[in-house]
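Both chains come to you apart, so use the hints to assemble them.
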Amino acid sequence: MVIGVESRMLLLPFIDRGPSEQAMATFTDRAWPDYPRFLEGVREHTQPGDTIAIIVPAMRWEAGYSYAFYRASYFLTGREVLPLLTPHDEPLPQNYRAAKYIAVFGVGLRIPPDAVWRTRRGALLRQRQR
Amino acid sequence: MTATLVAILSLTVFGVPVALALDRRARGPLLVGSAFLYGSGTMYFVLLGLSIAHIRWTLISVTIASLVIFCAAAFIARRQSAEPWREAVKPHLLDLLTIFTIFCYALYATLAKVWEWDFWAIWGLKARTFLEIGGIDWRFLESRWNTFAHPDYPLLVPLNYDFVALLGGGWNDRWLALLGVASAVALALVARALAARETTPFFAALLTMLVAALGFSRYVGLAEGPLIAFGGAGILFIRAALEWDDDACWRHGALMLGFAANCKNEGVALLVSVTIAVIASSWSSAPARLRKLTPAYVLAAPWLILRAAHTLPTDLAQGSAVSRLLARLPHAHQILAYLAEQLSSPWFWVVILTGILIAPAAARRRERFVFLVTAIQLLFYVAAYLATPNNVHWHVLSSWSRLTTHLAVPIAFAVFLMLANSLRRSQDAPHAEDARPVVPARSDE
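Protein chains in written order, with our numbering: chain A, 1 to 130; chain B, 1 to 445.
Everything labelled a hint here was simulated from the structure, so no lab data went into it.
Treat each hint with caution, since some may be false.
[Unchecked claim] Think about it this way: if two alpha-carbon atoms lie no more than 20 Å apart in a straight line, the pair counts; the simulated EDC-like pairs of lysine to aspartate or glutamate are:
id	chain 1	residue 1	chain 2	residue 2
1	A	100	A	114
2	B	113	A	21
3	A	100	A	44
4	B	113	A	29
5	B	113	A	114
6	B	292	B	245
[What the hints assert, rightly or not] Facing chain A, a subset of chain B residues (Cβ under 8 Å, in silico):
id	residue
7	111
8	148
9	329
Predicted model only: the values in this text are computed from it and were never measured.
All residues carry an ideal CB built from backbone N, CA and C; glycine is no exception.
So here's chain B without its partners, still in its complex pose (with noise of 0.2 Å):
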C-alpha cells in the first residue's frame, strides 16, 4: 500500500507546479485535485517518452525526467501574477459525508487484489508486461496473439501502474485500485471548486458528495475511473470557460482532454464530441475557441500516430465497419429498445431528464454545452454498437454499464446546478443581492 499511497502523493506534488503554470489562481481544492490529474497525465508522457527515445525505465531515468519537467513548470509558474479567484472554497459539515463515501469506497476497491477480468487481460497485463522491459513493450502490442489484450487502448493507466511499480520496486496489484480512488477524489475536488464559484457552499457542497458517488467506477483497475475523471474534469472546465471565457479553464479543460483521449478511444470520441458540442453551441466564436481546444488534439496526437505506425488493430476497424452498420441501421430501434432495457441505475436517468425538463427555459439554454456533449457521444456509442463485428448483445452486455458512467458525472453536475440554481433564486428574490456568491456574466450573453 505504501508504494500506492506515495506514488499518489508524488504524482500530485509533480503536478503541483504544472497546474499553477496553466492557471497561477488554482488554490485549495482545485489546486490538489488538478495537480493530481496533470500529475497522473505528465507521468505518462514522461514513461511514454523515455520508451520512445529507448530510455530503460528506472526509478533513476523517470524521477531525472520528471524534474526537469518539475522545474520548468515551477519557473513557469514563477514569472506569472495572478490574483485568486475570489469565490474561496468554503468548507461545509456535508463535506464531512463525502470524505466518508469516498472512504468506504476506497475501502470496497481494496476489498482484494484487483479482481476484474479487463484488469489482468487488459490494463494491469499492459502495465506487467512494459515493466519487464522497462518500456512498452511493441512486440507484445503486435502479436497477433495478444489481440485480446486490445493494442490499439491507449496506455496512460498502464503507465502509471508501472510508475507505481517503479516506486515499489517490482510489480505488485494488491493496492493499485487506490489510484482509480484518486482519480475520483480529483474529479470531486475540480468539481467543488467550480461549483463553488456559481452556488452557495451548501449546494456546492452537496453537489460534491454527488460527483464523488458518480465519480468513484465500480469496475476497479479499469481505466473507466481516469476516464471519468480526466473526462469529467474537462467538460465541467470547457463549461466553465465557456460561461465566463477563461482562458485558464480553456488551458485546462484541453489538456484534461488530451489526457481523457490517452485513457481510452472513448476519450478520442469525447474530444470530438466535445469539438462538435463547442462549434454548435457558439458558432460565431467557434474558431477562436476551436483554437484553444488545439492543446487537446496535441496530446490525443501522439498514440494514434504511434498506434497507426505498428499498424495496431482495432477491433471496432475490421472488415468493413460501414456495411455492418448499414446493416444494422434498419434494426436501430431494436437496439435501441436494448440499450433502455440494460441501461444501468435506469432512475438516474429518469432524473436526469426530469431535470432538464422541469427547469426553466434559461438555464437550459446555460447548459446546452454539457446536454450536446452527452447527445453526441451517446450516439457515438450507439454507432459503435451498430458497427460492432462481435454480437451487439455481448457487446451491449458487456459495455454499456460502463459507457454510461463516463458522462454522469457532466450531466448531473449541469442538471444539480440548473435546479439548485433555480431554487435558490426564486427563494432569495426578496432578499438582498449581496448574499449571493458572484456569479459572473455569461461571456455571450
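Bound conformation, chain A alone (with noise of 0.2 Å):
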C-alpha cells in the first residue's frame, strides 16, 4: 500500500501549491516564455488552411527546432506547419518557398515594414505571390 501510494501528492491539500502550479504553468515554455503568446498573435493573423514556416533561434532538431515545430503545429491548429528541417538536420527548402507565411521569433533578422505582424519578439511576414 505504502509503496503504491504516491506520498508526496498526499501532501498536496496542506502545503502553498502556489510555486508549484507556477512551475507546472511555465514548465512547457520555460525557455522561450514568450513562444506562446507570439504563436496566439500569429494565429490571430492568419486564416484556416494558410501554411506557415517557422524560424526560431534554434535552428537545429534536436537544440530546440523540435519543441518550435510542435509547439506552432498545437496552437495553430487549422493551419498547415511546415518544417523548415528534418530531424536530422536537413534544410527543406521547398517547405520555405510552399509556405504563404513565415512567422519569425526571436531572430534578429531586419524585419521588412510591411510585416502583417509584428511583436517585440518576432513578425509575421507574408511571402510574395510567385
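What follows is the structure, encoded as C-alpha cells:
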C-alpha cells in the first residue's frame, strides 16, 4: 500500500500550491516563455488553411527546433505548419517556398516594414506571390 | 472547469443505460464506474461514426446521435430482468482515505493546464486539430510532416477531448486532466465492486485505495490513464468471468478491452495478450470462451481498418522490424538488464513478486490468468524494444515507466486478494462459515 501510493501527492492539500502551479504552468515553455503568446498572435493574423513556416533561434532539430515546430502545430491548428528542417537537421527549402507566411521568433532579422504583424519578439511575414 | 465536469457527468449518464443493457444486475459502484467508461467509449464511437458519415461535429449532431444510442440501450435494459448481486458493496471508513487520495491526485493533475509534451504534441494536438473542422482531419494524419503526432495511434482520447470542447463551446486545455481523474475513479469503483464479491469490506476498501492510487496516471493528459482504466477493468472482468463463468462479466470484459484497444496500440497488444491467456488458462473451453471475446475485436476493428485504409505509418513497423529484432536478440540480456535498471517503482514489483511467491499454490493457480496476461504483455513490450527503429536506450527511457503502469492494477489486485484471502482463511478457520462473504465456486473447479 505504502509503495503504491504517491505520498508526496497526499501533502498537496496542506501546502502552498502556488509555486507548484507556477512551475507547472511555465514548465513547457521555460526556454522561450513568450513563444506561446507569439503563436497566439500568429493565429489571430492567419486563416484556417494557411501554410506557415517557423524560424526560431534554434535552427537545429534537437536544439529546440522540434519544440518550436511541435508547439506551433498545437497553437496553429487548422493551418498547416511546415518544418524547415528534418529531424536529421537537413534543410527543407521547398517548405520555405511553399509557405504562405513565415513566422519569425526571437531572431535578430531585419523585419521589412510591410510585415503582416510584429511584436517585440518576432514578426509574421507574408511571402510574395510567385 | 464546468465544461469538463459537465462532460464527465454527461458521459456517466450516457453510459448508465449501456451498462444496464449489458448487465441488468449492475448497481452502486459497478454501475457508476462502468457507466463512465461506457459513456466515454461510446462517445468515441459516436464522434468516429459522425466523422465517417461526413456529418460535422456540433453539439446538436452529437446530442442527437447520443440520444438514439441512449434510448436504444435503455429499451434493451428495460426488457431485461435480473436480481442484483447478493454481495452488495458495503461502505467502509477506509473509503474516506480513498476519496482523499483521489482528491489529492485531482489537485496534482489540475495544478496547471496540461503540461505534458505528449499531450500537446499528440493527444491534445489531434483533438484541437479535429475540432477545427468538426471531424477527423485525415489530411493532417496523412501529412508526412505530422508523423511526430503518431497518426496511427487510436483516437478515443482525442475524441473525448473534442466532446468536452463541444460542450464548452471551444478548445480549452485547462481542466482536461479531470477526464483522466474520472477514468481512475471509474476503475477504482469497478475494482471495489468486484473485490466486494470476493473478500471482506475491510480488504475490499483497502484494495480500492491501492487501485485508486495505481490507476491514476502521473502522465497527465495522455492516453495512459484511460488505457489503465479500460484495460484494467477489462482484465478484472475477464478474471471474474473465468472465476464464475458469468456472461455479464464476459460482456463487460470484452467491451472494456475493445475500448482499451481504441486508446493506444498497447491496448491492441493487451487484447492479444488476454486472448492468449484465456486460451492458455483453459484449453478445454477455449473456443467457447474466445467467442465471448468477439465484441472486443469488433470494437478494435474500425480503427485498425481506417488506419490501414489511410496508410497511416506506425513507427515500430518502419523498415524491417524483424531484422532489427533478430539483430538485437543476442543482446537481449543487456536490454533486459537496462529495463530492470530503469524500472519505475522497483519496490512495488519486488512486493508483487514476493506476494506471488509466498501465496498458497492453490491461490496462485486461481490467478494464473492475470499472471499470464501480465507476462505476455511484458513480453510484447520487450519485443517492441528489440524491434524499435529508435535508439533502444532512448526508447526505454521515454516509455518504460509508462508501460509498466498499464499492468500494475490487475497484478496488484490479484496478488492483494490472494494474500488477503489466505490471511483471512487462516484467521477464520475456527469460526463460523457464514461470517465470510459468499464466493461462488470457480467455474472450472
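Structure-based check of each hint:
1. A:100 - A:114: holds (15 Å)
2. B:113 - A:21: holds (9 Å)
3. A:100 - A:44: Given pair residue 100 of chain A, residue 44 of chain A holds - Cα atoms ~15 Å apart, limit 20 Å.
4. B:113 - A:29: Satisfied, since the Cα-Cα distance of roughly 12 Å is no more than 20 Å.
5. B:113 - A:114: violated (36 Å)
6. B:292 - B:245: holds (11 Å)
7. 111: holds (5 Å)
8. 148: holds (6 Å)
9. 329: For residue 329 of chain B, the interface hint is violated, since the closest Cβ of chain A sits about 27 Å away, which is over 8 Å.
Checked against the numbered hints given earlier, this structure breaks hints 5, 9; the rest are met.
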